[in-house]
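Asks: Quick mapping for you: the protein sequence lines, in order, are chains A and B.
Going by my numbering, 74 is the number at position 74 of the first sequence; the sequence numbering is gapless.
Going by my numbering, 31 is the number at position 31 of the second sequence; the sequence numbering is gapless.
Note that these hints are calculated values from the structure, not bench results.
Note that the structure is predicted; figures quoted are calculated from it, not measured.
There may be inaccurate statements among the hints.
[Stated by the list, open to error] Below 27 Å or equal to it, Euclidean Cα-Cα: the simulated DSSO-like pairs (lysine-lysine) are:
no.: 1; chain 1: B; residue 1: K70; chain 2: B; residue 2: K9
no.: 2; chain 1: A; residue 1: K3; chain 2: B; residue 2: K70
no.: 3; chain 1: B; residue 1: K57; chain 2: B; residue 2: K83
no.: 4; chain 1: B; residue 1: K9; chain 2: A; residue 2: K99
no.: 5; chain 1: A; residue 1: K3; chain 2: A; residue 2: K69
no.: 6; chain 1: A; residue 1: K99; chain 2: A; residue 2: K69
no.: 7; chain 1: B; residue 1: K71; chain 2: B; residue 2: K14
no.: 8; chain 1: B; residue 1: K70; chain 2: A; residue 2: K104
no.: 9; chain 1: B; residue 1: K83; chain 2: B; residue 2: K14
no.: 10; chain 1: A; residue 1: K99; chain 2: B; residue 2: K83
no.: 11; chain 1: B; residue 1: K71; chain 2: A; residue 2: K99
no.: 12; chain 1: B; residue 1: K83; chain 2: B; residue 2: K9
no.: 13; chain 1: A; residue 1: K104; chain 2: A; residue 2: K52
no.: 14; chain 1: A; residue 1: K104; chain 2: B; residue 2: K83
no.: 15; chain 1: B; residue 1: K57; chain 2: B; residue 2: K70
no.: 16; chain 1: A; residue 1: K3; chain 2: A; residue 2: K104
no.: 17; chain 1: A; residue 1: K99; chain 2: B; residue 2: K70
no.: 18; chain 1: A; residue 1: K99; chain 2: B; residue 2: K57
no.: 19; chain 1: B; residue 1: K9; chain 2: A; residue 2: K104
no.: 20; chain 1: B; residue 1: K57; chain 2: B; residue 2: K71
no.: 21; chain 1: B; residue 1: K9; chain 2: B; residue 2: K57
[As the list claims (entries may be wrong)] Partner residues aside, some chain B positions facing chain A, computed with beta carbon under 7 Å:
no.: 22; residue: L27
no.: 23; residue: L90
no.: 24; residue: E102
Yeah, the Cβ is synthetic: ideal placement off N, Cα and C, and Gly gets one too.
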Amino acid sequence: DAKTTQPTSMDCAEGRAANLPCNHSTISGNEYVYWYRQIHSQGPQYIIHGLKNNETNEMASLIITEDRKSSTLILPHATLRDTAVYYCIVRAYTGANSKLTFGKGITLSVRP
Amino acid sequence: DGGITQSPKYLFRKEGQNVTLSCEQNLNHDAMYWYRQDPGQGLRLIYYSQIVNDFQKGDIAEGYSVSREKKESFPLTVTSAQKNPTAFYLCASRHEGRQNTEAFFGQGTRLTVV
């Protein structure tokens, strides 16, 4: 699975959009981009995933660049409850290697 | 309700004792995973299993053991060989063999060794 790099932390004001970047320059054609978030002392929660098209659900939007080497998770109207660690990972559909590897993620702090 | 359950939520053990953490899922998922998380750190993969009676080492398997005798259960034993066992342990599962499925996580077990 391709490696991802994320900034260590960022903050945004409550009610504003939070744009969380992720680089995955070694992504291969069959690898999806997934985002999870972890609120303090809880298990991570799935947010969204995509292959090459932009995706949107009730939680967030995922924008993937045309070359697929980077992506941005957008929380359109951040609330204090969105303060969490956000993980960007990439993985292939299947195969012999079914590892699911997380990095350190990016800590988002939403300020009042 | 369908989900993945870890128990107990908090666990205290004396140094040198083996301890087993429970992870059960009723989602009919094929793949299950164990992670360790230390303060301020990301998730590190300990062991994973894609199918019953088979499992593979992750990135930090030393001092840990697992079994997968049933599809719904993937217990993790922290042995006395683990030098620094105090940590937050997370279990996850996902449906293998289907395209782009997400992982579901339990709420974790916080192990403290004194």
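Asks: Would you list, in rising numerical order, the hints stated earlier that this structure does not obey?
Replies: Structure breaks hints 2, 7, 8 and 22.
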